[in-house]
Amino acid sequence: MNLTKIKEKVIHLFFFMTGISAVVILLGIFLMLLLRGVQTFKDVPFFDFLLATEWNPSAYGEPSYGILSMVVGTFMVTLGAIIIAVPLGIGAAAYIADVASPKLREILKPVIEILAGIPSVVIGFIGIVLVGPLIAKTFGLTSGLNALNGSVLLAVMSLPTIISISEDAIRGVPKDYKEASYALGANRWTTLIRVTLPAAISGIVASVMLGIGRAIGETMTVLMVTGNSLAMPHSFFDSVRTMTATIAIELGEVPYGTTHYYALFAVATILFLMSFIVNLVAELVTAKRRRVRV
Amino acid sequence: MKQTKFNEMMGFGILGLSAFMVMLILCIIIFDIVIRGAGAISLQFLVDFPKDGMTRGGIFPAIVGTFLVTIITAFFSVPVGVSAAIYLSEYAKEGRLTRLIRSSIRNLAGVPSIVYGLFGVAIFVGGLHFGTSMLSAGLTLGLLTLPWVIATSEEALKTVPQSYREGALALGATKWQSIRSNVLPLAFPGILTGTILGLSRAAGETAPILFTGVAFYLPKLPGSIFNQFMALPYHLYVLSTQHHAIEQVRPLAYGTTLVLIVLILMLNLSAIILRYRLRKKLNW
Chain S
1 MNLTKIKEKV IHLFFFMTGI SAVVILLGIF LMLLLRGVQT FKDVPFFDFL
51 LATEWNPSAY GEPSYGILSM VVGTFMVTLG AIIIAVPLGI GAAAYIADVA
101 SPKLREILKP VIEILAGIPS VVIGFIGIVL VGPLIAKTFG LTSGLNALNG
151 SVLLAVMSLP TIISISEDAI RGVPKDYKEA SYALGANRWT TLIRVTLPAA
201 ISGIVASVML GIGRAIGETM TVLMVTGNSL AMPHSFFDSV RTMTATIAIE
251 LGEVPYGTTH YYALFAVATI LFLMSFIVNL VAELVTAKRR RVRV
Chain C
295 MKQTKFNEMM GFGILGLSAF MVMLILCIII FDIVIRGAGA ISLQFLVDFP
345 KDGMTRGGIF PAIVGTFLVT IITAFFSVPV GVSAAIYLSE YAKEGRLTRL
395 IRSSIRNLAG VPSIVYGLFG VAIFVGGLHF GTSMLSAGLT LGLLTLPWVI
445 ATSEEALKTV PQSYREGALA LGATKWQSIR SNVLPLAFPG ILTGTILGLS
495 RAAGETAPIL FTGVAFYLPK LPGSIFNQFM ALPYHLYVLS TQHHAIEQVR
545 PLAYGTTLVL IVLILMLNLS AIILRYRLRK KLNW
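Chains as they are written, first to last, in this note's numbering: chain S, 1 to 294; chain C, 295 to 578.
It cannot be assumed that every hint is accurate.
Claimed, not checked - Quick look at which bits of chain S chain C covers, simulated, 3 or more residues with Cβ under 8 Å:
1. 109-122
2. 269-276
Unchecked claim - Restricting the straight-line Cα-Cα distance to at most 25 Å, the calculated cross-link-like pairs of lysine-lysine (BS3-like) are:
3. C:K452 <-> C:K345
4. C:K469 <-> S:K103
5. C:K452 <-> C:K469
6. C:K299 <-> S:K175
7. S:K178 <-> S:K109
8. C:K299 <-> S:K178
9. S:K7 <-> C:K387
Derived from the structure by calculation, the hints contain no laboratory data.
Glycine included, C-beta positions come from ideal geometry on N, C-alpha and C.
For reference, chain S alone in the conformation it holds in the complex:
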């Protein structure tokens, strides 16, 4: 009997250890990035790093480590993606949740899932062969590899996130809300716009935040289609290089332990913090909703 008890205890302990693995890994990632990242600032003043626009770590004599241009690049493609994906995504989510017949829903939901499953490198390839030439032709540019192309592709990549989470939120609105609205003589459209969507707003906001997180952290698509120029971008037709792309391009050829090496970890630290904040906001909005519901 005692042996069984010990066995149960050991099993419990084992599951507990795997259970907290997520905490350990998250903390491990953050510490690893931070400890290496801060080494940069032995050579580069912190504010120069954040606010200077020139990034040229391999310049002979006087290398420069300003990340502002790539931060602007990241924000630009993300903003563009959100402008495209938010109306489209929420519209599609509302349609699937509130308008589509059950049969149509059975078709649309797997479509969203399959779209979510397409690898980023494939989306990037589509950007090179389809979206790029289309942009170049439409706007009379010599190359379609620019911020606009990145935005379009990131919109495609964040659509499934926005749609599936928004749809859940819209479907989660209690039936009585709608029925009360119908009883007052409102039609389905007015009910959707005035009652259902406002009631689901926290979930919708969370979906948009997670979509933003996806766009900020995406590497391969932007690496393939934004042209990767280091200059400060002035419009969506300019080539940009994002933070993720910089890491992907440079980490492979940088010698271990140099300032350049640590600077890439500093970039990754900032990237990590950005996605962490975006996730946190998403979590806070949904947590608030839960409290209101109960």
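Start from chain S and add chain C according to the hints.
Just chain C, lined up with the frame of chain S:
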């Protein structure tokens, strides 16, 4: 009254159009890849090594590499992920620690894939001295899929009714015995579905393997888990951006894309069908 009816029609029309646009995007992507990729596919393409500086030949080593590294990923993320899910669903009491664990899982899911790559470089390639190898890349992808496996497995475990656990406990079974005999078998198909979906993500990832083990070109298959490997997604990246004759190898790039997409769609589809049949069967 007519005005409101008109508004409703317009409104629903716009919503329908958005949904249609999303479907159209998927159709265009699939259509383009299938139409232009099909021409490149032949048995030779699937079983040959790349030849003449990757301007001819096939993608056999990339298929094998992706397959092998995904298996390593599964070996790490499935046991750890399912165990963590068992802890959360069966053992954990709601409290501060459990909230912290759940919050960490959600945050891990949001960490950019390139950051996982850096972590893999620091821990597996450097720290544990696995070098740039299949093992390092597989473990890195394992970390990336872990939050996904935990979340879907926990959901599957949660669908098993409480009475099944209580029934076993009432007969004198210990907690673990009740989990093993009455919970896990019922949750198994759901866990499998989630795991397949997670692994299909891993198979298509490029950024995490860039610096942890994938190779531009290898003349032979990897002999051990400590060797470098070729992978389909990275091969596509190389053919479409890094190759010296990008236009010339475009058909090969399309062929690679088609193989990658078919592989991932097959995994996705099997998971979706599995879940559909499961839902029909499980009407408690």
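### Query
Is the hinted pair C:K469 and S:K103 satisfied, with a Cα-Cα distance of at most 25 Å?
violated (42 Å)
#### Entry: Coverage criterion applied to the stretch 269-276 of chain S (partner chain C; beta-carbon cut 8 Å; 3 residues)
n = 4 at 8 Å, threshold three: holds.
### Query
Are the Cα positions of S:K7 and C:K387 separated by 25 Å at most?
Distance of about 20 Å is within 25 Å: holds.
### Coverage claim, chain C over the stretch 109-122 of chain S, checked by counting residues with Cβ within 8 Å (three needed)
holds (count 12)
### Message
Against the 25 Å threshold, does the CA-CA distance of C:K299 and S:K175 hold or violate the hint?
### Response
Roughly 22 Å between the alpha carbons, so the hint for C:K299 and S:K175 holds.
### Query
Does C:K469 lie within 25 Å of C:K452 when you go C-alpha to C-alpha?
holds (16 Å)
### Satisfaction of hint between S:K109 and S:K178, Cα-Cα up to 25 Å
The given pair, whose Cα atoms are some 23 Å apart, holds under the 25 Å limit.
### Message
Need the status of pair C:K452, C:K345: alpha-carbon distance at most 25 Å?
### Response
At roughly 51 Å apart (the allowed maximum being 25 Å), C:K345 and C:K452 break the hint.
### Query
Are the Cα positions of C:K299 and S:K178 separated by 25 Å at most?
holds (18 Å)
This entry does not satisfy hints 3 and 4, going by the numbered hints stated previously.
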